[in-house]
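With these hints in hand, go ahead and build the complete structure from the sequences.
2 protein chains.
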Amino acid sequence: MAASNRLLDLLGVELPIIQAPMAGATTPQMAVAVSNAGGLGSLPSALYSEAELRAALETVRNGTSKPINVNFFSHENPPEDTARQAAWRRALAPYYVEAGLDPDAPLAAGGRAPFNAAFASVVEDLRPEVVSFHFGLPAPELVDRVKRTGAKVLSSATTVAEALWLEARGVDAVIAMGVEAGGHRGNFLTPNSLVGDMSTQVGTLSLVPRIADSVSVPVIAAGGIADRRGVLAAFALGAEAVQVGTAYLLTPEASVSAVYRQALASAEEATAVTNLFTGRPARGIVNRLMAELGPLSDLPPAFPTAGGAIAPLRKAAEAAGRGDFSPLWAGQAFRLARPMSSAELTRSLAGVA
Amino acid sequence: MAASNRLLDLLGVELPIIQAPMAGATTPQMAVAVSNAGGLGSLPSALYSEAELRAALETVRNGTSKPINVNFFSHENPPEDTARQAAWRRALAPYYVEAGLDPDAPLAAGGRAPFNAAFASVVEDLRPEVVSFHFGLPAPELVDRVKRTGAKVLSSATTVAEALWLEARGVDAVIAMGVEAGGHRGNFLTPNSLVGDMSTQVGTLSLVPRIADSVSVPVIAAGGIADRRGVLAAFALGAEAVQVGTAYLLTPEASVSAVYRQALASAEEATAVTNLFTGRPARGIVNRLMAELGPLSDLPPAFPTAGGAIAPLRKAAEAAGRGDFSPLWAGQAFRLARPMSSAELTRSLAGVA
Numbered sequence: 001m002a003a004s005n006r007l008l009d010l011l012g013v014e015l016p017i018i019q020a021p022m023a024g025a026t027t028p029q030m031a032v033a034v035s036n037a038g039g040l041g042s043l044p045s046a047l048y049s050e051a052e053l054r055a056a057l058e059t060v061r062n063g064t065s066k067p068i069n070v071n072f073f074s075h076e077n078p079p080e081d082t083a084r085q086a087a088w089r090r091a092l093a094p095y096y097v098e099a100g101l102d103p104d105a106p107l108a109a110g111g112r113a114p115f116n117a118a119f120a121s122v123v124e125d126l127r128p129e130v131v132s133f134h135f136g137l138p139a140p141e142l143v144d145r146v147k148r149t150g151a152k153v154l155s156s157a158t159t160v161a162e163a164l165w166l167e168a169r170g171v172d173a174v175i176a177m178g179v180e181a182g183g184h185r186g187n188f189l190t191p192n193s194l195v196g197d198m199s200t201q202v203g204t205l206s207l208v209p210r211i212a213d214s215v216s217v218p219v220i221a222a223g224g225i226a227d228r229r230g231v232l233a234a235f236a237l238g239a240e241a242v243q244v245g246t247a248y249l250l251t252p253e254a255s256v257s258a259v260y261r262q263a264l265a266s267a268e269e270a271t272a273v274t275n276l277f278t279g280r281p282a283r284g285i286v287n288r289l290m291a292e293l294g295p296l297s298d299l300p301p302a303f304p305t306a307g308g309a310i311a312p313l314r315k316a317a318e319a320a321g322r323g324d325f326s327p328l329w330a331g332q333a334f335r336l337a338r339p340m341s342s343a344e345l346t347r348s349l350a351g352v353a
Numbered sequence: 354m355a356a357s358n359r360l361l362d363l364l365g366v367e368l369p370i371i372q373a374p375m376a377g378a379t380t381p382q383m384a385v386a387v388s389n390a391g392g393l394g395s396l397p398s399a400l401y402s403e404a405e406l407r408a409a410l411e412t413v414r415n416g417t418s419k420p421i422n423v424n425f426f427s428h429e430n431p432p433e434d435t436a437r438q439a440a441w442r443r444a445l446a447p448y449y450v451e452a453g454l455d456p457d458a459p460l461a462a463g464g465r466a467p468f469n470a471a472f473a474s475v476v477e478d479l480r481p482e483v484v485s486f487h488f489g490l491p492a493p494e495l496v497d498r499v500k501r502t503g504a505k506v507l508s509s510a511t512t513v514a515e516a517l518w519l520e521a522r523g524v525d526a527v528i529a530m531g532v533e534a535g536g537h538r539g540n541f542l543t544p545n546s547l548v549g550d551m552s553t554q555v556g557t558l559s560l561v562p563r564i565a566d567s568v569s570v571p572v573i574a575a576g577g578i579a580d581r582r583g584v585l586a587a588f589a590l591g592a593e594a595v596q597v598g599t600a601y602l603l604t605p606e607a608s609v610s611a612v613y614r615q616a617l618a619s620a621e622e623a624t625a626v627t628n629l630f631t632g633r634p635a636r637g638i639v640n641r642l643m644a645e646l647g648p649l650s651d652l653p654p655a656f657p658t659a660g661g662a663i664a665p666l667r668k669a670a671e672a673a674g675r676g677d678f679s680p681l682w683a684g685q686a687f688r689l690a691r692p693m694s695s696a697e698l699t700r701s702l703a704g705v706a
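Top to bottom, those sequences are chains E and Y. With this note's numbering applied, the first sequence corresponds to residues 1 to 353, in that order. With this note's numbering applied, the second sequence corresponds to residues 354 to 706, in that order.
Quick caveat, the hints were computed from the structure, so don't treat them as lab data. The beta-carbon is built from N, C-alpha and C at its ideal position, and this holds for glycine as well. Worth double-checking, as some hints may not be accurate.
Claimed, not checked - Derived contacts from chain Y toward chain E, CB cut-off under 8 angstroms, selection only:
{"id": "1", "residue": "513"}
{"id": "2", "residue": "532"}
{"id": "3", "residue": "555"}
{"id": "4", "residue": "590"}
As the list claims (entries may be wrong) - Computed list of chain Y residues with no C-beta within reach of chain E, every gap over 10 angstroms:
{"id": "5", "residue": "402"}
{"id": "6", "residue": "408"}
{"id": "7", "residue": "457"}
{"id": "8", "residue": "478"}
{"id": "9", "residue": "482"}
{"id": "10", "residue": "493"}
{"id": "11", "residue": "518"}
{"id": "12", "residue": "533"}
{"id": "13", "residue": "559"}
{"id": "14", "residue": "614"}
{"id": "15", "residue": "661"}
{"id": "16", "residue": "692"}
{"id": "17", "residue": "705"}
Unchecked claim - Which stretches of chain Y does chain E cover? Using the computed rule of at least three CB atoms under 8 angstroms from a CB of chain E, they are:
{"id": "18", "segment": "572 to 578"}
{"id": "19", "segment": "679 to 689"}
Have a look at this one:
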């Protein structure tokens with residue numbers, strides 16, 4: 001029932017606990033605390049510029065001598081689609097009017113940065129021991145640049161087909177991401193724009209053993225795990241480590257807004273997968289926007305461009321103490337999480353004192 | 354990690370394995386084989402008349418001296434809604450035309466029988482050791498009639514609120530039914546008619562520990578479990594037994610049509626929760642009707658009346674070897690199931706030779 005040494009050796013860590021990268025909520029201090037506790041701390045880069053990532057990664061490097069993980073999104077930015085953006089703004093216009101905002105005011109771009117040559121240079125310079133990707137993998141030449149640094153490469157699979165695709169392209173381990181997981185779904189072969197395809201996404205309990213039966217690389221379980229019981233269950237299913245995100249939102253090292261913290265503390269079994277905030281399906285606590293326009297909809301323009309038009313609504317609502325338009329990313333196990341430090345949580349998940 | 358004796362003592366069985374009642378697919382022979390192997394065989398009654406249930410239960414009684422479970426749906430039949438039925442028939446009319454059927458031909462009622470006084474008499478006469486309900490519980494006086502026979506009472510919960518509701522009304526154990534489970538969702542406090550509410554249903558991995566933390570009666574895990582690994586995971590989460598359905602569809606004791614058997618053997622990670630076949634959400638393998646009209650839709654009339662208009666389409670398609678309109682109920686773990694006898698499967702799930 002204990003995690004095999006195979007994955008611990010691969011990652012160079014003592015404990016089979018990976019703190020999930022959560023762009024916006026994970027801080028360098030969180031990653032440092034997790035790695036120093038013996039787990040694998042992860043730094044998300046999707047909301048960073050190259051310079052910001054470099055600074056954050058230097059902070060992590062200075063905080064720990066243990067292995068660290070840097071996570072990148074590997075989508076391609078879509079072509080400009082003015083018609084869909086206009087339709088999206090029309091759909092949101094009543095909310096703008098209600099908030100006293102101009103529905104036609106120019107917008108800042110709402111983006112998430114994909115892995116690119118500039119980020120690859122940061123990896124080459126600062127040499128994180130592990131690099132994980134979300135939404136498949138970047139172009140082969142970029143993956144090769146990462147591998148030549150000696151970094152171990154991980155990526156998420158939401159189906160057996162995705163796990164086989166990743167294994168064939170040389171990942172060192174597969175993160176089996178069940179539908180319970182918070183934040184963006186990692187799916188990249190299953191279409192993400194259709195309600196029907198999202199409805200077939202599988203829970204961790206079924207997904208982990210299927211993927212463990214299908215690939216020869218180690219499997220990391222993600223989704224629905226927030227305490228030691230979930231970790232033991234994941235090992236029983238064939239996982240060699242777990243990736244836990246939501247539980248770390250309750251640590252003092254998390255960067256979480258007041259409305260987000262309040263939602264995490266008060267809501268009851270009410271998360272859903274929505275594409276309204278970015279254009280890609282992601283799980284969060286149900287709020288007004290999700291209840292009224294979704295949770296899944298054909299309206300939002302392609303990832304990551306849907307967020308620009310949400311941002312002013314979010315800002316106005318949060319100023320009034322409401323999370324009506326905030327992406328309150330959380331996994332289905334969020335009510336199992338208990339407030340404690342990132343180091344304590346890492347050890348608690350691993351079952352060590 | 355072993356199941357506590359508490360639930361085994363309560364149910365009077367040797368193995369912590371409950372074969373799920375699957376109306377249409379479970380035979381008396383399956384229930385007999387499971388109970389004789391040391392698990393708890395379950396006879397579903399939703400598609401039986403009183404006389405049919407009595408005959409089936411007598412067959413089970415004659416086949417085993419071990420404890421048996423009889424399962425009932427506890428919905429109330431809805432009032433006639435001719436406008437919604439007409440709209441539903443209009444939506445299905447193109448399929449009727451394509452199949453060479455008359456869209457206006459009179460229909461047989463498509464029903465599922467709820468627990469009632471006649472079924473209570475069967476329980477009083479044949480005294481199953483366990484009675485389980487789905488969709489909450491029937492009226493208190495009917496529950497009392499069951500309890501006075503000495504039967505232990507189980508029911509399914511899909512949320513903590515439902516588990517607390519059931520415990521307050523005296524159930525002996527709660528079945529924590531994760532979203533992975535095949536067939537009808539057991540939800541009864543969460544509305545079942547809205548797409549959004551269904552999207553918040555929780556996976557077994559998160560649900561079992563939450564319910565185990567919230568009630569003092571034993572918890573049975575259901576959903577996503579098809580082999581020994583899932584059983585061990587359920588125990589780690591706090592369950593004292595598991596209820597497994599889909600894996601029993603591959604046993605020789607199952608009554609499964611040719612198209613159904615073919616879908617179970619060939620499909621890949623493609624189940625979804627749909628309300629098209631009966632009017633209530635239920636998980637099955639995605640087929641043409643689900644892909645084209647759903648999987649969830651506001652069109653079907655209230656449970657259980659949606660099925661009448663589907664029946665002629667199903668019959669015609671199955672005659673042509675296609676499951677386009679058949680409810681192919683299956684849980685998300687269906688690809689983990691391996692063909693074997695019901696007795697072997699029961700022992701294999703329990704980890705005994």
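Here's how the hints hold up against the structure:
no.	hint	in the structure
1	513	holds (6 angstroms)
2	532	holds (6 angstroms)
3	555	holds (5 angstroms)
4	590	holds (5 angstroms)
5	402	holds (34 angstroms)
6	408	holds (36 angstroms)
7	457	holds (30 angstroms)
8	478	holds (39 angstroms)
9	482	holds (29 angstroms)
10	493	holds (26 angstroms)
11	518	holds (14 angstroms)
12	533	violated (5 angstroms)
13	559	violated (4 angstroms)
14	614	holds (20 angstroms)
15	661	holds (25 angstroms)
16	692	holds (16 angstroms)
17	705	holds (17 angstroms)
18	572 to 578	holds (count 3)
19	679 to 689	holds (count 5)
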